[in-house]
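There are 2 protein chains.
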Amino acid sequence: MPRELSQEDVRDFRARVGKAAAMLYAEGGEGAITMREIARALGSSPMGLYRYFHDRDEIIAYLRTSAFNKFAQALETAFAAGGDPFARARAVGRAYLDFALENPGDYRLMFDLSQPDEQGNDELANASARATRTVTRHVDDLRAAGIVAGDSKEIGRALWAAAHGVIVLHLAGRLPKDTDVRELYFKTMRLTFRGARTLSSGIASLANPKRSRT
Amino acid sequence: MPRELSQEDVRDFRARVGKAAAMLYAEGGEGAITMREIARALGSSPMGLYRYFHDRDEIIAYLRTSAFNKFAQALETAFAAGGDPFARARAVGRAYLDFALENPGDYRLMFDLSQPDEQGNDELANASARATRTVTRHVDDLRAAGIVAGDSKEIGRALWAAAHGVIVLHLAGRLPKDTDVRELYFKTMRLTFRGARTLSSGIASLANPKRSRT
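Quick note, the sequences are listed as chains A and B, same order.
Numbering-wise (my numbering), the first sequence opens with residue 141 and increments by one.
Numbering-wise (my numbering), the second sequence opens with residue 141 and increments by one.
I should point out that these hints are in silico values taken from the structure, not numbers from a laboratory.
Here the structure is a predicted model, which means the values were calculated and not measured.
Please note that the accuracy of each hint is not assured.
One copy or any two copies: either way a pair holds, since identical chains are not told apart in the list.
Said to hold, decoys possible - Derived pair list, reagent style DSS-like, types lysine-lysine, alpha-carbon separation capped at 25 Å:
#1 K159 - K317
#2 K210 - K293
#3 K159 - K210
#4 K210 - K317
#5 K159 - K293
#6 K317 - K293
With the hints as extra help, turn the sequences into a complete structure.
Rendered as structure tokens:
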């Protein structure tokens, strides 16, 4: 009979399973995560895995929950470091890009796929909601300060989508060879953000526009 | 001995292989495209497939070439239908979204993945370059007409990335439930485009800004 598992045993082994699954995902995408391959990577038996996870979907949810929390933590730290709405927006924008470039596997796990029962998994749903809040919270600030006009939720989603587009084109290797991903990211963010600015807050930049000569 | 194949035989069979591979891709992503599964779907033997394609990579390149050409065709048609730079930009933007929503498999094949030797495959490289041109050509027009300021290549890429972000978040099921993908798409495009406009061309919209009361 298998011996009784302590909470620590369970936590440690789940972390090892997560690590192996993340490796498989990085190599071959979602389809590469199978109980058999994880067991092989750990020198365990597939049946042994079922003591720790009900199924493959629970392993993916576990990975995604970790990724969302790690991501939210990075963005919350950036937000807290900014002294005013502009600084917070810049810091969150930069932290978003840095996280994606440094943790492409986590980034894809969060935003490339959905699972059928995300709302049924409290930990995943909470982590995902926390991440979503941190991605757009600084836009509420900007609106409250009269810097952007409009529905801050809509603007936040537009900014998020634009950021995401640059990042996934980069991760997929689809940006033209002469493209610097950081430059394109900040350019795209600047344009979208500038498009959302109010008339009065835009005066300064309008009075001194950076015009191209070409 | 296998009988000699006519050009028509080859073309027809390659098209059938493409169809089967596209179906596998739609169901399980890139990893699901295997010679064995394609052969099974066609009631053929894997060895039989090798008379038509050297390897799996060539099949994927074939699918992607078709997708790029179909996509470019749709955008070129939209571009040609527009009577002025604004109308062309709007038509291309709408055609881009429509194509992605109606052909999600083709859309992913084009922009979700890269192949190691794309430049070595003339047909694929040409189709991809043709698609890239049609995505941003209307921005050159807008700059020539003095409507946007700056480097039209950079602005085109920013607009493209923003459009792509909305679409892939939608395809991955990652947009919040209350989001209408079409609304978010046009909102994102409007903001980014507005951010790129020149001072003078912006006067009209600045004089009559749509301000939110919230």
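Status of each hint after checking the structure:
In the homo-oligomer, the alpha carbons of K159 and K317 never lie at most 25 Å apart, since the shortest distance is 32 Å inside one protomer and 31 Å across protomers. When the C-alpha separation of K210 and K293 is checked against a cutoff of 25 Å, the pair qualifies only within one copy, where the shortest distance is 23 Å, while the shortest distance between copies is 35 Å. With identical chains, the CA atoms of K159 and K210 are at most 25 Å apart within one copy only, with a shortest distance of 15 Å there and 41 Å across copies. In this homomeric assembly, K210 and K317 come within 25 Å of each other (Cα to Cα) only across copies, at 23 Å, whereas the closest approach inside a single copy is 31 Å.
Taking identical chains as interchangeable, the C-alpha atoms of K159 and K293 are never at most 25 Å apart, the minima being 35 Å within one chain and 41 Å between chains. For the identical chains of this complex, K317 and K293 are inter-copy neighbours only, at 13 Å across copies versus 34 Å inside a copy, given an alpha-carbon limit of 25 Å.
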